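Once you have looked at the hints, place chain E on chain W.
First to last, the sequence lines map onto chains W and E. Just so we're aligned, residue -17 is where the first sequence starts under the numbering used here, counting upward by one. Just so we're aligned, residue -17 is where the second sequence starts under the numbering used here, counting upward by one.
Hints in this document: simulated from the structure, not taken from any laboratory. None of the values given here were measured: they were computed from a predicted structure. Just so you know, even glycine gets a beta-carbon here, dropped at the ideal spot from N, CA and C. Errors might be hidden in some of the hints.
Selected chain E positions facing chain W (in silico; Cβ < 7 Å) [what the hints assert, rightly or not]: (1) Arg144; (2) Val145; (3) Tyr146; (4) Met150; (5) Ala212; (6) Ser219; (7) Asp222.
Number of protein chains: 2
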Amino acid sequence: MTYCVGLRLNRGLVFMSDTRTNAGVDNISVFKKMHSWVIPGERVITMMTAGNLATTQAIISTLDERSKAPADRKPSILEAPSMFQVARLVGETVREEIHTNSFEGQEADSSFNATLIVGGQIKGSDPRLFMIYPEGNFIEASAETPFFQIGETKYGRPILVRVYDPDMSFEDAVKLMLVSFDSTIKANLSVGLPLDLQVYENDSFQVAREQRIALDDPYYNQISTGWGEALKEAFKSLPDFTF
Amino acid sequence: MTYCVGLRLNRGLVFMSDTRTNAGVDNISVFKKMHSWVIPGERVITMMTAGNLATTQAIISTLDERSKAPADRKPSILEAPSMFQVARLVGETVREEIHTNSFEGQEADSSFNATLIVGGQIKGSDPRLFMIYPEGNFIEASAETPFFQIGETKYGRPILVRVYDPDMSFEDAVKLMLVSFDSTIKANLSVGLPLDLQVYENDSFQVAREQRIALDDPYYNQISTGWGEALKEAFKSLPDFTF
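The shape of chain W in the complex, shown without the other chains (with noise of 0.2 Å):
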C-alpha cells in the first residue's frame, strides 16, 4: 500500500507521500513517489503515485524521458500548453502501461493498476490538481472536494475533512497532513515513514519547500506521541454519555 494526499489552498497546494513499498510483509522497500517537473518560472508538475511499482516507475519514467529532450520526444508534459493537457497526457500515459503488462505481458498475481495525484501551475492560468485512475480519466479538486487521497485513505480521512480549512497557513496544512500520516501509519503496516513533502506557492513557478520527514524527526515524534493526548483531551472536552 501507499498513502499519499494533495490539499489545493487558497495559498497553494501541498504534497506529501510515504515511501514504502511492499510486496508481502517480508518484502518492504523505501522508494520515492514523489516527483516534480519544474521549469522555474514557467512551470511547475508534481505527481504523487500508489499501486504496482512497476507500472508506476515506468510511467514516471516514460513521461520523465519525454521531458529530456521534449523537442524530438512528444508528447511531453514540459511542452503541454495547460495543466488539464499534463493530466490527460499522464492519463493516457497510465493506461497504456496499464494495457501493455495486462494483455500483451505475463498472468500475474497482483494487478497492474495505479493512481496518481497531479497538481501544479502553468503559467497563464491558475494551480490546478488532479487525480488520475488507472483507466486514465481524472478528476480535478474543487471547492467542495478540495483534497485528493491515493492508497490507504480510510484512517487518514475523518481528520482532514474536519480541520482543512482553504484559509489554512503551509505550516498547518503540513501539521494537517502528519497527524492523517501518523493515523494511518499507526494502523497499516504497508505504509511508513520517511515521508515526502513538497509545498507549491500559487504563482511562484518554483518549489517553495522540499522536505524529507525521517524517521527520527523530532517534530514526527512529537506530534505523534502528542496526537494521542491531544486526542483523549478532546475526547474529554465532549458532554458524557448518561444512560
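Only chain E this time, still in chain W's reference frame:
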C-alpha cells in the same frame, strides 16, 4: 456495508452496531444487526453481524430456531457449556450457510460472506468476546486486542486505538463508540443510523442496558457536532510546524 464494534472492558462488554443495509446506493434498508439470547441468571449471548444480509439472517434464524426448543433441536447455543463452544457452534453455522449458498446455489454478483462478533458470559466462566470469520474459525479478544470491529472498520479505528482504556466506565465506552461511529457515518454512506447499543456487566447474567440511538437523538447530535470542534482544538494544541 456495516459497522459494528464489540468492546471488552474490565467491568463488562459493550456492543454497538449500525442498522443500514444496502444493495447498491438506491436500495438501502434498516435491519437490526444485533441479536441476543438470554437465560436470566445463567447466560447472556450477544451477536452482531456484517456481510451478506441473506446469509447473516439465515445464520441468526438457524441459531434462533434451535434455541426455541433446545432439547429437540441440537446443537443449541443455549445448551453449549461455554462461550468457546458457543463460538464454535456459530462458526460451524456460518461455514455451513456460506457453503450452501456458494456451492449449491445460483451464481451471484456479490459474495455470500459474513463476519460476526459474538460475546457474552455463561455461569461458571468469565465473559468472553470472539470474532468469527466467514471460514467459520474465530479469534478471541485479549488484553492486547480488547475490541473487535467488523464491516467498515477503518475510519473509526484511530480514535478507538487512542482512547480505549480497559478501566473506562460504560458511559465513557459508549461515548467513545459514538465518536467512532460518527467518523464512519460521516465518511461512508453505507453505514447509518439508528444505532443499537447493548451493555453487559460482568457476572450479571442479564442485559444491563439496551438502547436504540435514533437519527434525532440529541446526545448523538451533540457528539457529532461537538467532535469537529474538539478535534480542531486538539489540533491547535499540538506544537506548530516550521519549515
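Now the hints, each set against the structure:
1. Arg144: holds, 5 Å
2. Val145: Where the cut-off is 7 Å and the nearest Cβ of chain W is about 5 Å from Val145 (chain E), the hint holds.
3. Tyr146: Because about 10 Å separates Tyr146 (chain E) from the closest Cβ in chain W, which is outside the 7 Å limit, the hint is violated.
4. Met150: violated, 10 Å
5. Ala212: With a closest approach of 4 Å, the Ala212 (chain E) hint holds.
6. Ser219: holds, 5 Å
7. Asp222: Result: holds, 6 Å to nearest chain W Cβ.
Comparing the model with each numbered hint stated earlier shows that hints 3, 4 do not hold.
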